[in-house]
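Once you have looked at the hints, place chain B with the ligand on chain A.
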Amino acid sequence: MSEVILAVETSCDETAAAVVEGGTKVRANIVASQSIHRRFGGVVPEIASRRHLENIPVVVQEALDQAAISLADVHAVAATYGPGLVGALLVGLSYAKALAYALEKPFIGVHHLIGHIYAGFLEYPDLPLPAVCLVVSGGHTALLYLESHGRRYLMGATRDDAAGEAFDKVARALGLGYPGGPELERLAGRGNPAAVPFPRAWLEEGSLDFSFSGLKTAVLNYLRQEQQAGREINLADVAASFQQAVVDVLVGKTIKAAKRAPAVRSLLAVGGVASNEALRRALSVAAREAGLPVFIPRRAFCTDNAAMIACAAHYQYLRGEFSSLDLDAVPHLPLVESVVESPMGPLGP
Amino acid sequence: MLVLGIETSTSVVSAALVDAEKLLAEVYLDSKEHHSRRLLPVISSLLGEVGVKIKDLAGIAVALGPGSFTGLRIGLATAKGLAHAGGKPLVGIPTLDALALNAAGVGGLICPVVVARREEIYTALYRWQEGRLRCLVSPQAVNPSSWVLKLASYGEPVYFLGDAVMPYRKVWEELHERAAFLPSENALPRAAQVARQGQIRLSRNRGDDLFQLKPLYLRPSAAEQKA
Ligand SMILES: [Zn+2]
Chain A
1 MSEVILAVET
11 SCDETAAAVV
21 EGGTKVRANI
31 VASQSIHRRF
41 GGVVPEIASR
51 RHLENIPVVV
61 QEALDQAAIS
71 LADVHAVAAT
81 YGPGLVGALL
91 VGLSYAKALA
101 YALEKPFIGV
111 HHLIGHIYAG
121 FLEYPDLPLP
131 AVCLVVSGGH
141 TALLYLESHG
151 RRYLMGATRD
161 DAAGEAFDKV
171 ARALGLGYPG
181 GPELERLAGR
191 GNPAAVPFPR
201 AWLEEGSLDF
211 SFSGLKTAVL
221 NYLRQEQQAG
231 REINLADVAA
241 SFQQAVVDVL
251 VGKTIKAAKR
261 APAVRSLLAV
271 GGVASNEALR
281 RALSVAAREA
291 GLPVFIPRRA
301 FCTDNAAMIA
311 CAAHYQYLRG
321 EFSSLDLDAV
331 PHLPLVESVV
341 ESPMGPLGP
Chain B
350 MLVLGIETST
360 SVVSAALVDA
370 EKLLAEVYLD
380 SKEHHSRRLL
390 PVISSLLGEV
400 GVKIKDLAGI
410 AVALGPGSFT
420 GLRIGLATAK
430 GLAHAGGKPL
440 VGIPTLDALA
450 LNAAGVGGLI
460 CPVVVARREE
470 IYTALYRWQE
480 GRLRCLVSPQ
490 AVNPSSWVLK
500 LASYGEPVYF
510 LGDAVMPYRK
520 VWEELHERAA
530 FLPSENALPR
540 AAQVARQGQI
550 RLSRNRGDDL
560 FQLKPLYLRP
570 SAAEQKA
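For the record, the sequence lines run as chains A and B.
Residues 1 to 349 (the numbering used here) are what the first sequence spells out, left to right.
Residues 350 to 576 (the numbering used here) are what the second sequence spells out, left to right.
Isolated chain A, as found in the complex (with noise of 0.2 Å):
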């Protein structure tokens, strides 16, 4: 039998546990949402702390009982380190080395957008690499280039809003609730993508960066403009072709990482955003056009999930990259630390 994980994942508003043996098989998955923060129209950090300590014992029996495990049949614990919300984080990690120290078992630390990518290799263990990887979501967007299990080159990042954040401040302004991901790609759903040209931000010549702050001053320009001259506004087609400029963007520059990185076969699109449909399917349409095999993990583990943070400590584990008892939360814990620098200095021409 491989290693059996036990993982916490408290970066933001989910308390998550899960059990993961040999990096694949989810023995359980649980997530804890804390509805309490739609009322205030985002997460409260405090208020998320709270709950966090008060979920999590009650979360990670869950995944034990649903695993069938007792705590003593775990090889190794594992919990996000950062980045996310200090004080959210500080619970499920020090939780979690708490057990791992009282059960005499490695503890591993997680980077959270490392969790991400790999809740691609819990889906797909064969994924074929080197690949090229867009993460997408509310607190990150990147390309990276995953040349093998360890050895990761960041491409291109966002230089201002990730693109979940967009999406949830262009639903703020459409007066959708919170979270506004979902809500703005249901209205979208009903709208006519093509009906508002909103800009494309490609940044300079050759960029693999992002940048999504300019298209979401000009939906609020827009709207503002349509008002004012007293003109109806058609809700689900200004969404539509929002969430339009962010998938074109996103997707463009996803090929064209892939055509520069080296003997790239195939593409992997991980984080919250991913889970959104006009992406998925873009996705696969201009990934079929490039040739490529796309891998996109099922909502599930696309959005934040202690399953994905426990698939990455089986690779950590794999190399005896194990983490000492005074590991501290880092709210701002950068990708570049954990992503290896390109030793042929940047990918491409």
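Treat each hint with caution, since some may be false.
The list that follows gives simulated cross-link-like pairs (lysine-lysine, BS3-like), each with its CA atoms no further than 30 Å apart [claimed, not checked]:
id	chain 1	residue 1	chain 2	residue 2
1	A	K105	B	K575
2	B	K381	B	K563
3	B	K402	A	K105
4	B	K404	A	K105
5	A	K105	B	K563
6	A	K169	B	K404
If we take Cβ atoms under 7 Å as the criterion, some of the chain B residues that face chain A in the derived model are [claimed, not checked]:
id	residue
7	R386
8	L389
9	P390
10	I403
11	T419
12	A426
13	T427
14	L431
15	H433
16	G435
17	Q489
18	Y503
19	R550
20	S552
21	S570
22	A572
Worth flagging that the hints you see were computed from the coordinates, not collected in a lab.
Here a beta-carbon is modelled for each residue, glycine too, at the ideal position from N, C-alpha and C.
Here is chain B with the ligand on its own, set in the frame of chain A:
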């Protein structure tokens, strides 16, 4: 009957081990380092020095607050993790009760004061009577100036201790000769008191529910206050 005590309500990280008769080991660290970096290594070295493992414990006691929200959550999450993994009983001890015990034996009132945000303090009032602590005013968040007026009305000496002694010393000195201060070595919360209170409670009952135990915040979050 070995009980591990954990105290992280203030800038101090402390862990201690007691048995039914005496204090066996204690670590007290007031450093700038984050509690999350310190706490488990401190527990690990403390237990390592005396050759005790989590499985040897009769239970785990943890300071519940009031105090620093983040400190309390690190302490409680750690204590819960240890209790969960070890299958051990968990006991929450109010921080101000444990702190007041640093002044056990004094004649007069015992007033622990702990820094809270927004110009307030967390405090309570006790008296040492017939060999034990009696609580006169239960823990609350108050403004120091209005609190000192209430203390003055007792007309007795008041022994202050806690991390809000220094920042508000001028306010406490409004009691003139009736204001007394504990030596700095006894002024901040220590895990030995938490462990002892936990040991006493565990000798009488089963302790608290791992799944239910919460810190004594004494305050809703700012967002909930506004709502
Ligand atoms: Zn995430």
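Status of the hints after comparison with the structure:
Between the alpha carbons of A:K105 and B:K575 the distance comes to roughly 44 Å, so the proposed pair goes past 30 Å and is violated. Between B:K381 and B:K563 the CA atoms are separated by roughly 26 Å; this keeps the pair inside 30 Å, and the hint holds. For a cut-off of 30 Å, the pair hint linking B:K402 to A:K105 stands: about 14 Å separates their Cα positions. A threshold of 30 Å between alpha carbons decides the hint, and for B:K404 with A:K105 the separation of about 14 Å falls inside it, so the pair holds.
Note on A:K105 and B:K563: the hinted pairing holds, with a Cα-Cα distance of about 27 Å set against a maximum of 30 Å. Between A:K169 and B:K404 the CA atoms are separated by roughly 50 Å; this puts the pair beyond 30 Å, and the hint is violated. Taking 7 Å as the C-beta contact cut-off toward chain A, the hint placing B:R386 at the interface holds, the least distance being around 4 Å. Hint status for B:L389: holds, given a least beta-carbon distance of 4 Å to chain A, under 7 Å.
Interface hint status for B:P390: upheld, as the beta-carbon distance to the closest one in chain A is roughly 5 Å, under 7 Å. Restraint check, B:I403 versus chain A: the minimum CB separation of about 4 Å is within 7 Å; hint holds. Nearest Cβ of chain A to the Cβ of B:T419: about 6 Å, under the 7 Å cut. The hint holds. For B:A426, the interface hint holds, the least distance from its beta-carbon to any beta-carbon of chain A being 4 Å, beneath 7 Å.
This hint holds: B:T427 has a C-beta 5 Å from the nearest C-beta of chain A, less than the 7 Å allowed. Given hint, B:L431 at the interface with chain A, holds; its Cβ is 5 Å from that chain's nearest Cβ, closer than 7 Å. Here the hint on B:H433 is kept, as its CB sits about 6 Å from the closest CB of chain A, short of 7 Å. Hint on B:G435 holds. Least Cβ distance to chain A is approximately 5 Å, under the 7 Å limit.
Because the beta carbon of B:Q489 sits about 19 Å from the nearest beta carbon in chain A, more than 7 Å, this interface hint is broken. The interface hint given for B:Y503 is broken, as the beta carbon of that residue sits about 35 Å from the closest beta carbon of chain A, more than 7 Å. Checking B:R550 against chain A by beta carbon gives a least distance of about 20 Å; that is not within 7 Å, so the hint is violated. Interface hint at B:S552: violated, since its Cβ lies 23 Å from the closest Cβ of chain A, which is beyond the 7 Å cut-off.
Interface restraint check for B:S570: the shortest CB-CB distance to chain A comes to about 4 Å, inside 7 Å, so the restraint holds. Given the 7 Å rule on beta carbons, the hint for B:A572 holds: about 4 Å separates it from the nearest Cβ of chain A.
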